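Turn these sequences into a full structure, and let the hints steer you where they fit.
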Amino acid sequence: MQSASQASLKVEPIDRLFAIFWLPIAILALIAALPLMARQWLARRQRY
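Note that numbering that gives the first Met the number 0 has the sequence shown beginning at 0, numbered continuously upward.
Treat the hints as calculated values from the structure; they're not laboratory data.
A quick note: this is a predicted structure, and the numbers were derived from the prediction, not measured.
Check each hint, because a few of them may be wrong.
Across the chosen pairs, the derived CB separations fall in these ranges [to be verified]:
(1) GLU11 to ALA42: 39 to 49 Å
(2) LEU33 to PRO12: 25 to 35 Å
(3) LEU33 to GLU11: 27 to 37 Å
(4) ALA18 to LEU41: 45 to 55 Å
(5) ARG46 to PRO12: 44 to 54 Å
(6) ALA18 to ARG38: 27 to 37 Å
(7) GLU11 to ARG44: 44 to 54 Å
(8) LEU35 to ASP14: 37 to 47 Å
Virtual Cβ for every residue (Gly too), placed ideally from N, Cα, C.
Encoded structure:
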């Protein structure tokens, strides 16, 4: 019982490093894409 719970709690260090590495990049990409998306949306709205 105890060994099973320990196995489920253990996270692969590579997975954790992967998440720590990619999360800020994804957030930065989202923030960088927001003004571009807003500009396209405004241009599309003004056209019609």
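Verification of the hints:
no.	hint	in the structure
1	GLU11 to ALA42: 39 to 49 Å	45 Å, holds
2	LEU33 to PRO12: 25 to 35 Å	33 Å, holds
3	LEU33 to GLU11: 27 to 37 Å	33 Å, holds
4	ALA18 to LEU41: 45 to 55 Å	35 Å, violated
5	ARG46 to PRO12: 44 to 54 Å	51 Å, holds
6	ALA18 to ARG38: 27 to 37 Å	31 Å, holds
7	GLU11 to ARG44: 44 to 54 Å	47 Å, holds
8	LEU35 to ASP14: 37 to 47 Å	31 Å, violated
In summary, the structure is inconsistent with hints 4 and 8 from the numbered list given earlier, while agreeing with the others.
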